[in-house]
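K.L.:
What follows is the residue order along each chain.
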Amino acid sequence: MPVARAAKIEVSFTLNGAPVTVRALPMARLLDVLREDLRLTGTKEGCGEGECGACSVFLNGRLVTSCLVPIMQAEGARVETIEGVADQPDVVPIREAFVACNGSQCGICTPGMILATTALLRARPNPAETEVREALAGNLCRCTGYVKIFEAVARAAEARRGAAGGVR
Amino acid sequence: MPAPLIGASVGRKEGQEKTRGAACYVDDMTLPGMLHGVTVRSRVPRGRIRGIRYEGDIPWNEFTIVTARDIPGKNVVTLLTEDQPFLADQFVNHPEEAIVLLAHTDRFLLEEARRHVAFDIDPLPPVFSIEDSLARKAVVWGEDNVMKSFLVEKGKVDDVWARADLVFEGEYETGAQEQLYIEPQGMIAQASPADGVTVWGSLQCPYYVHKALMPLFGLPPDRVRVVQMTTGGGFGGKEEYPSMIGGHAALLSWKAGGRPVKIIYDRAEDMVATTKRHPSRTRHKTALSRDGRLLGMEIDFVVDAGAYVTLSPVVLSRGTIHAAGPYRCDHVRIRSRAVATNAPPHGAFRGFGAPQSIFALERHLDRAARALGLSPEELRRRNLLRQGETTATQQEVLEKINLPSLLDLALEKSEWRRRKEEFAAHNRSGADAVKKGLGLAVFFHGSGFTGSGESYLASVVGAEAGRGGRVTVLAASTEIGQGTNTIFSQIVADALAIPYDWVEVAQPDTSRVPNSGPTVASRTAMIVGKLVETAALGLRDKLRAGGFLGVTYDDRAWAEACDRYLDLHGTLQAQAKYELPPHVKWDDKTYTGAAYGAFGWAVYVAAVSVDTVTYETRVDDFVAVQDIGRVLHPVFAAGQVEGGVAQAIGFALYENVILANGRMVNGKMTNYVMPTSVDLPPIRVFFQEVPYEYGPAGAKGVGELPMDGPAPAILNAIEDALGVSVRKIPALPEVVMEAAGCL
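Residue numbers (the numbering used here), protein chains in the order written: chain A, 1029 to 1196; chain B, 163 to 905.
Please note that a few of the clues may not be correct.
[Claimed, not checked] Across the chosen pairs, the derived CB separations fall in these ranges: (1) D729(B) <-> A1165(A): 55 to 63 angstroms; (2) G535(B) <-> T1158(A): 35 to 43 angstroms; (3) A1151(A) <-> R385(B): 54 to 62 angstroms.
[Unchecked claim] Some chain A residues well away from chain B (every beta-carbon gap over 10 angstroms; in silico): (4) G1045; (5) A1046; (6) P1047; (7) T1049; (8) V1092; (9) E1111; (10) N1130; (11) G1166; (12) R1183; (13) A1187.
Just so you know, the hints here were simulated from the structure itself, not pulled from any lab data. Where is the CB? At the ideal position from N, CA and C, for every residue including glycine.
Okay, chain B solo, but in the shape it has when bound:
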């Protein structure tokens, strides 16, 4: 047997192309006769469209112009709720809503033309905040602005208030956040009645785009083809918005008689028009005993969904399910709502609602500990979930978790006790305007789609053997930097005991690969990875069943077996289809049961300095301890954690989306500030590996977990440093200063 590849840090499959600049991203692709396309947007947050004017000294007859009237099929971006059009027809509901599309060969002239399309829009009253939407200052969606609500009930929370030693309340807010993948969004389309629709693009979920394009053109599945190009980061931002851009490019191509059309957003357009993380507001009311036991929790969680539903119900769902954290509490009520505003729809972003609700919980528990006179670690330790206990949705934890040991490891690695004393002494001395603090967060993140979601998806993965024993993985799961191609290859190589270099992962192309589901929800390693393993083993089983392969074999025997099978049968393929593990039982009506097959579990510690002159916060050290099951690729897994922590430090301290009348007014990298190489602390990553039975080789998901904990850990550290309670993020200097009463 060759040395196992799982657990080894093998080289990235596409590492050579990426470091040579040879990897082909969508904007690197050119087709003969290609036009460029642009989008003309409303600018009015809400109103009725009366007319479109094409003005100025522009040769309009040279342009391909598309409006809602040109749509051959259904003018709706198919996702969950059919409320969002590809192009606004009578009404606009946010200021970045697309109304007109233009295409031309000359990009400069196209920009000129875009500036000379004018709209006559009668404004209607908009709403821009969660408060105004809840108060129905204007009803802008449905009957009451509420797009989705959930209620989770466990025990009888109303009965606990009277017997609590402390009832502690608090309100917390998080801002919008831009994914800020470094490659802006873009698509190329070629579409005509004769040839159907093909799009190539930067995207996470080929079959989402596929599903959205079919009704737009009224075409059957085999006449729509979606191909993923090398994708320069996604973080959720390329989960559903690519359907919009793909539709726009395809509509232009269709109107232009099948000439290919490329739409690439520049950074400013990408930042203002595409989805961002949902802003949130969370209220907590918590009943505690004097000795720090959680007796009851009542949580009210609200997110700003923007103008259309898009993925908000599922973002809300995940935020709701994670809102009570990995704690034992018999009486819990969580109410949650996603409300409409006249901003561009907020959407998927790593963590998907959980970073928002976990921020609130972990800040709240820290403050509750302070109110009880307990240390933050001790309050948590007394309430940590144990195997066999239940979460807020009454999911019995079957995993062999050991949260106290994660906590211990985090405290040890961060030198918690020593530093606490050192920082307290430093702060007391008053010698320095810079105060130091230490904060932690304990949290979890469910891997895969929620509840029965994975069984609805019913993902399929294929594997194909070729000459010389080569194996190709056929899946729609995309490589977006996180390492899909590499870990799938590791899994196959180990499952079949063949060399890593013999495995390749097919480019996601809906005409070739089956639907393995979207590349989201920390599901690629755990859910799809397991299917990859099963499909690969299916190849081996077929060879054995046909007598081509013995029980034991080496590389050469494998290669010869494949060749002989192919000589006889022509092709060798196997498929695997997802089946829900027996323990995952979920009731959508009562919102109870096993929300996820497994969770990642983590304890993070941040050490910060806060300058009491400028009120700037700097993270000096960061310790991230987690259980993500078996670690498939230690370097990649650490890379996921480091990148997630960095993004979450931005979420906590720097990244401020300023919305004015529904428009982002700081849509540039110069005034929307993400962490650079000089802004980040050492990020020290530790894993405790507890294998999960239904994951490939015992693996669970890792992608989103690291986004959840840093913000509360950092804000808890700020409170430790200053003794002031900051309850909203980003904790910009002025926010901290205001909380400190200095503004």
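Pulled out of the complex, with its shape left as it was, chain A reads as follows:
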């Protein structure tokens, strides 16, 4: 049976800290619900098959590719997108570092890169370069050759450590 004729279901979850309820097909992609139903277009579609990472979001704090998440899986979950995290105190230095280092060129991979970097630095505040490379391997960038992105991550890590009062 074509997907188009399946019955829509109601799904409730927390989006960027606020509760939302949407009506969607059970296998609708979280990506489409975010972009089309909720008009949060900072999450991008690059490939639709989980390869490029442009659609990265946080699902219960974990970095996922929203093109591979059926909306029913979001029931009761915490979903955060670039719009929700951009101004969080530990994300601001990451964004600033991406601008300062030219880690964002065409910008289409950037929201995903910022989220992947956030996930990395929350887990590993002082990552080695190999850890940075591995943490970003699921986020493709065609502009930079990643060099300036690695520099941005290093700079952000330093700034975040500084902002944390030098405790670490």
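Guided by the hints, dock chain B onto chain A, whose structure is given.
P.N.:
Chain B in isolation, oriented as in the chain A frame:
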């Protein structure tokens, strides 16, 4: 005077929006009542269309359906040759050719419908390879499948073979490559007889789309409007194909009574249907003296153009002009041809033919050096062009180049001699299945359109001053990630000695900005940047001529002068139009003369490891040394080089477009592999700055240069590591294994 901004790495103009996810790309835009559109394609590589059937349990009456019969104007994508239709009518010439367009509000239903359109097509014999096309196994284009050919003649190459100590021959191949910008292509259109045609899209060249839409609808220039949205990468892939998608979306909207229509390709459709880099085959025959001087070069360069001409003549031209490299050689003949096959048209991709012909040359010279018993660097050193000498097209090099010093710097930074010895010892020891090698490439890339191309374009840039001294740049040159908005702002701020934040670059919109030409050919910084500078200075001159501004002024005096001028005159605008520098003289008939106003020059070195168990190659270190004139923005310029090198590493080692019967069968990111963050080496970038008189503040182009050299440098390094000669790319493990005689 404020500190100069040129040469400083200021923040990207649109950096905030991009890092917040707030930049508006075409798929982020929605219009009231908008329909979605899809394209239904042939699937048959070549044939005659007998009928179209709309099948299945689909409510067809709800759909807007467009075929060639619905086109109000001319069914041809206007570019160079009028051979490609927007929608196939009687014949199809490649398997991704569009025949039917569908629009509906429901995207899911639309996909269902797309699968239920069937075509009755009588197949005709196709050709799929350069060899079959040249052999005319079937004639699929014109009289002989040859869409374009060039002949470059310098000296008398036929006379040199007899007096050469070595005549060395070789054949080289490069595969197709997908641009793989991360934002797939897409357009939104609103079109009706009453309101004309407006399209918003992901594109590099607003006026190309404009030029293509006018005849499609039979409308005059002022009734067609093209707006560039934030564009997620282009690399040439969004040079001409957006005309096709824009036309399709507009045709659907026109038929749907003016309702807006959005067409966004998914990744698979983008990869299979849109243009890719031309596959190529190059044959070299080279005459050398025992001491390694190039006596003569005969080069036969052929590219697979696909089914329609699109930009192939110009791709071929650039590949031809770059085929003999930055070397001194008195006797050169280059023959080149672009031939038709029944694959989707190949098109613009960063480097535009040069990466293909330079790959062949730089592999060939390495092998010739080996045959002569010379080191690869020494053979090149003995033949490097010097100021005052001439290229293959007999262009006298007027730039103050110093290629030996570029070579020296590259050898030094890559620790060439030390590593050569170290790698040789490592490989000899036999202790490790991983062999190491070092390879280099020396090359150049012309900035701007070829020959008289820039004078035909006659690009125009405007500048407008507003209240408080704000200045807006009006140009059709697009920001596609490379930094157009930022460098234009730097140029204006420096030219007028005003703050960087006072400068903005208008969104490219053909109803507002003049035609500054396409955003291609490494021309935006050098050609358009200079016009931006001139237009900005035009504002200052108008203020001074009217007595509003003194010879010296500060920010406040500038702002007050603008305000007073605006109070009196209402607007303050200035324009600049391109004029060819006097030294650029080109003869299209003989293909001789100054092909480019200036070139970027470079020497790249790759260090590789090749695993002799798996035959996988890994690039361990990469040194990129270049002269691109004055560097406007060091961080952005390095970013261009790093990104270009990364893309070229993909071209050399990983990116394999598999065409079967003209269709790409691996059109997914899962099985078409581009480099990820774990695949790339450190890319170390160095500039030698030799200012170019006709560029803004001395700048030349940088965008394409880094695409040209990495592939031959890497393949030369593979030969250094294994002693086996791989002559085609991508050098997948099985390709290297076969060359090593293990397959």
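K.L.:
Next step is simple, just say for each hint if it's right about the structure.
P.N.:
Right, here's what the structure says about each hint:
no.	hint	verdict
1	D729(B) <-> A1165(A): 55 to 63 angstroms	holds (58 angstroms)
2	G535(B) <-> T1158(A): 35 to 43 angstroms	holds (41 angstroms)
3	A1151(A) <-> R385(B): 54 to 62 angstroms	holds (56 angstroms)
4	G1045	holds (16 angstroms)
5	A1046	holds (17 angstroms)
6	P1047	holds (21 angstroms)
7	T1049	holds (21 angstroms)
8	V1092	holds (16 angstroms)
9	E1111	violated (6 angstroms)
10	N1130	violated (5 angstroms)
11	G1166	violated (8 angstroms)
12	R1183	holds (12 angstroms)
13	A1187	holds (14 angstroms)
Of the numbered hints listed earlier, those contradicted by the structure are 9, 10, 11.
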